[in-house]
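Undergrad: In case you want the letters, here they are:
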Amino acid sequence: MAESGFTLLAMALVLSLYASLVFGLAGIRKSYRFYASARRANQLVFAFIALASVLLLVALLNRDFSLEYVAHYSNRSLDLFYTIAAFWAGQAGSLLFWTLLLAVFTWYYARRAKPTHLLFHPPAQAVLNAFLFFFLYLLVFKSNPFKPLPFGVSDGVGLNPLLQNPAMIFHPPTLYIGFVAYSLPFALAIAALLQRSFSDAWLASLRRWSLFAWMFLTIGNLLGMQWAYVELGWGGYWGWDPVENASLLPWLTGTALLHAILLFERRRVMQTWMLVLVVLTFALTIFGTFVTRSGLIASVHAFGVSTLGPAFLIFLSLILVGSVVLLIARRSSLQSTSSIETWSAKESGFLVGHILMLALAAGVFIGTLMPAISEWLVGRQLTVTEDYYNRIARPLGLAVFFLIGICSLALWRRTALRRFFRNALAPMLLAGAGALISYALAPHGLWAQVGVAVFIFSFSAVLFSLRRPLADRRRMLAHITHIGVLLFFAGILGSSTYYREKTVAAHQGEEIDFPPYRLHYQGMDTINLPDRHIERAVFYLYRADRSLGMFHSEKQRVADFQPVTEVGIRSTLTHDLYLILGSFDASTETANISLLYNPLVIWIWIGGAIMVLGTLGSFFQRHRSGQTQKEAI
Amino acid sequence: MILLSILAALAAAIYVLAPLFTEPVDLDIRFAAERQKLHLFTHSNEFAAGIMKNRKQAHPPAQIDIDRLLQERFDLNLKDLRNTFTPRRD
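Going line by line, the protein sequences match chains Y and G. Residue 473 in the working numbering sits at position 473 of the first sequence; the count goes up by one each step and never skips. Residue 88 in the working numbering sits at position 88 of the second sequence; the count goes up by one each step and never skips.
Hints are computed from structural coordinates only; laboratory data are not their basis. Glycine included, every Cβ here is placed at the ideal spot set by N, Cα and C. Fair warning: there could be bad hints in the mix.
Interface residues of chain G toward chain Y, partial, derived using beta-carbon atoms under 7 Å [as the list claims (entries may be wrong)]:
#1 M1
#2 S5
#3 I6
#4 A9
#5 P19
Chain G is nowhere near these chain Y residues, computed Cβ spacing over 10 Å in every case [to be verified]:
#6 S4
#7 F34
#8 A41
#9 L44
#10 A167
#11 P173
#12 E375
#13 F421
#14 L446
#15 R468
#16 K502
#17 H520
#18 M550
#19 S594
Make the full structure from the sequences, and use the hints.
TA: Right, here's the structure in full:
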């Protein structure tokens, strides 16, 4: 198994180098022979990587502990689904999974090539195969998933219990799909720059792949938030952890990119800016991988210290330097045929939105790298607190959400101000009234009221836009996506501003009042399973004298791992009740618990789902210039 | 295992290198031809609109004639042709 897997990866490595070089030659010499040969090499790269992946999966399922990776990330008591998830739980396996996804996308792109794509297809494939070569190089020389274990073991270590959550089965794959799929827009951008050709077919492909990548990045981030909320047991869903930030950064620039593509489609403006965003978004996906895999910055999500850091840094530098050189060399071909006419046009709103999102990304980027930067500058690691991120994200985020409302009321080219204010009057009045009412009911400082006003304004403005008959289905889907974004915002606003918390040392039989709930502590259950020991604090939950049944939180102890807290959550449309078991003192039979009242959390997930569905709808909509959907690959 | 690996590598090399020797000479210019087609297609919106008009007005003979004409001229798959020839909507 070890030799077969390694041989397959080594052969794929050689073939990917060949495919990259020969695709490049095919592009330069316009030679179909080279093109056909490179395509075959690419097919084999895909086949060999797929086969190697199947071998690793079989080894995991068969508990083949002769492989170091299998012995480290699985054991005999692991469920089938978590055994499959172990494929991407470790450094080497996740690297193989990443390479597999890249091979699938590259193969699919080659397979779907049409005559209208042949101009930029060979250079794009050359870039993608070069990426495959890089990842295969890491797998063969730095992080081999088929490395044999030098000694025999009867059972493996197993999967970290923190990772044993349904969200973790889907969170890494979806996030990886998003990350890897951004290779396609990047390769398309490089190919178009090399060929000096920016056709409608090219733009349709760029849009489609960017939407696809963004959608999966959104799903991945949402599942990660869900996992953090349910599994990490601190009551929140976003902790500004470096690895969380690393997945937020390409999401922010990717969002700006989608709007830049729309802007170029509609108005043929800011072509260079659009290409810069493509490069930046892809570079940030590699930066995210670098942060996760280099061990540069400590994080709960990171894979730990490894030797991959320098390789990723060199790769990232090559991407950035190469792209900048190419953009400068092709600047004469990048003259936009049109320009933004007035500040009152919708285009101006988009531009401001881009600046805000990039400013937010820059702030998050600096904060994430602060330990490394400070160590380099002052010789010791300094970490920024959550407050730093909140100070940046709050004003910039609110401005972006406000712009959603403004842009949904503004028109392309020029907005008649009188008409704009007439349309904006109702949302503005509603926003003012909403802010006053929320202040009267629950005064929570300036930011809370501004947040409420922004939400009501933008939400009603988008609904107002939907009121008009929309012949353009793509526009309607964009509005639906924005409704999702705003509901997501409402969830964040509610849960981060209006939450309540109570910490209690509960004795058996004690009743805890936490309006609108009452909790009656029943005592501690102890459960012994073959692979873990569980201590569970059991409560009866009441609301207005109505019994809501049992409610519990537990501590799970698994050998070789830190104890894990399983929280109790009761979700409703208005709030979540969240119970955390901190510790248990057996001598006094006291359970130290925390209770949280998190308003509107469920709207984060509902809003996220609407966002994804809206994007999915847009993905299947045709390109604006009239190219059919099949034209885009 | 080593023998199997060598055989697999040999088979892969033959499969990959074969087009370099088996493709006819004239295929080298296919890219140039595709480029020409692309240029012609993207610069003939009126022609494209004409095809669509004929299709919408349900004149099958005219459609077949035009399709055949285009197919003969450009030697292109009809499905691809239809994809390329969708009129602008905006």
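Undergrad: Now tell me if each hint is right for this structure.
TA: A quick look at each hint next to the structure:
Given hint, G:M1 at the interface with chain Y, holds; its Cβ is 5 Å from that chain's nearest Cβ, closer than 7 Å. Annotation: G:S5 was flagged as interfacial toward chain Y, and the flag holds, the nearest CB pair being 5 Å apart, inside 7 Å. Taking 7 Å as the C-beta contact cut-off toward chain Y, the hint placing G:I6 at the interface is violated, the least distance being around 10 Å. For G:A9, the shortest C-beta to C-beta distance to chain Y is roughly 6 Å, which falls under 7 Å, so the interface hint holds.
Among the interface hints, the one on G:P19 holds; its C-beta lies about 4 Å from the nearest C-beta in chain Y, closer than the 7 Å criterion. Some Cβ of chain G comes within 10 Å of the Cβ of Y:S4; the nearest lies about 7 Å off, and the non-interface call is violated. Distance check on Y:F34: its Cβ comes as close as 7 Å (rounded) to a Cβ of chain G, failing to clear the 10 Å threshold; non-interface status is violated. With a least beta-carbon separation of about 5 Å from chain G, Y:A41 fails to lie farther than 10 Å from that chain, contradicting its non-interface assignment.
Some Cβ of chain G comes within 10 Å of the Cβ of Y:L44; the nearest lies about 5 Å off, and the non-interface call is violated. Non-interface status of Y:A167 relative to chain G is upheld: no Cβ of that chain comes within 10 Å, the nearest being about 39 Å off. For Y:P173, the non-interface assignment is confirmed: its Cβ lies about 29 Å from the closest Cβ of chain G, beyond the 10 Å cut-off. For Y:E375, the requirement that its beta carbon stay farther than 10 Å from each beta carbon of chain G is met, with the minimum near 45 Å.
Y:F421, annotated as away from the interface, keeps every beta carbon of chain G farther than 10 Å; the closest lies near 28 Å. Distance check for Y:L446 against chain G: the nearest CB is about 44 Å away, which clears 10 Å, and the non-interface claim stands. Distance check on Y:R468: its Cβ is at least 18 Å (rounded) from any Cβ of chain G, clearing the 10 Å threshold; non-interface status holds. Here Y:K502 stays apart from chain G, with its beta-carbon at least about 58 Å from theirs, past the 10 Å limit.
For Y:H520, the non-interface assignment is confirmed: its Cβ lies about 65 Å from the closest Cβ of chain G, beyond the 10 Å cut-off. Distance check on Y:M550: its Cβ is at least 57 Å (rounded) from any Cβ of chain G, clearing the 10 Å threshold; non-interface status holds. Annotated as non-interface, Y:S594 keeps its C-beta farther than 10 Å from every C-beta of chain G; the closest such distance is 56 Å.
Consistency with the previously given hints fails for numbers 3, 6, 7, 8 and 9, ordered from lowest to highest.
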